[in-house]
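Following the hints, complete the assembly by docking chain B onto the known chain A.
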Amino acid sequence: DVKVTQSSRYLVKRTGEKVFLECVQDMDHENMFWYRQDPGLGLRLIYFSYDVKMKEKGDIPEGYSVSREKKERFSLILESASTNQTSMYLCASTNRADSSYEQYFGPGTRLTVT
Amino acid sequence: AQSVTQPDIHITVSEGASLELRCNYSYGATPYLFWYVQSPGQGLQLLLKYFSGDTLVQGIKGFEAEFKRSQSSFNLRKPSVHWSDAAEYFCAVGARTNAGKSTFGDGTTLTVKP
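Chains A and B, in that order, give the protein sequences.
Sequential numbering from 1 applies to the first sequence in our numbering.
Sequential numbering from 1001 applies to the second sequence in our numbering.
Same shape as in the complex, but just chain A (with noise of 0.2 angstroms):
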């Protein structure tokens, strides 16, 4: 089974603070994903990866930033943290061999900016 992991269900963070959040996936696919998941606003892409080093910006790009130093890893950084992106953030992967591009997603990270 494909597993995308992240580093924390849980976060409580203060205004202004560097947050890192971490994702990981155990099946070599190329593309990566952060999204932000809000009540009413379904998922909005925030950055995505399609190789190493690579990144493109998605659709909510401000106030966030993105790392991609290894295959299996995805970091999504809020440089300084505001009440505003109080939220849950969903890692999502992709295989570029299946042609279909489905959607492999991690438990997602609660983030609570205070």
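Everything hinted at is true.
Straight-line distance between alpha carbons at most 25 angstroms, and here's what the computed BS3-like set of lysine-lysine pairs gives:
1. A:Lys3 - B:Lys1061
2. B:Lys1101 - B:Lys1049
3. B:Lys1049 - B:Lys1068
4. B:Lys1049 - A:Lys3
5. A:Lys18 - A:Lys71
6. A:Lys71 - B:Lys1101
7. A:Lys55 - B:Lys1101
8. B:Lys1101 - A:Lys53
9. A:Lys18 - A:Lys55
10. B:Lys1101 - A:Lys70
11. B:Lys1061 - B:Lys1049
12. B:Lys1068 - B:Lys1101
13. A:Lys3 - B:Lys1101
14. A:Lys57 - B:Lys1101
Over 12 angstroms on every C-beta distance to chain B, these chain A residues come out as not near it, computed from the model:
15. Lys13
16. Arg14
17. Val19
18. Asp26
19. Met27
20. Glu72
21. Ser75
22. Thr112
Simulated from the structure, these hints should not be mistaken for lab results.
Don't be surprised by glycine CBs; every beta carbon is placed ideally from N, CA and C.
Okay, now just chain B, sitting in the frame of chain A:
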């Protein structure tokens, strides 16, 4: 640009009743289409997908969906709902390019009455 509309924010059905969740998409060519389910506090799990061939696709947990190009729809159905089906359901459309990036609808929350 691709987009997805799920017209129903919240649906309530009785256990044993049939279910249909609506999804309309906008995409310039033949899309990849997905339905995902999210149980409370969990990540998303794929229910089914369409990317070519038979327009009626079968998924896990007894769900099916029909791709109707003329109506730009991909509605999800189940003949008899179980209490464990209570969850949030997301329709997604994926491009056949661009690293498998998908666009998600805002979700439909399903409540099952005993």
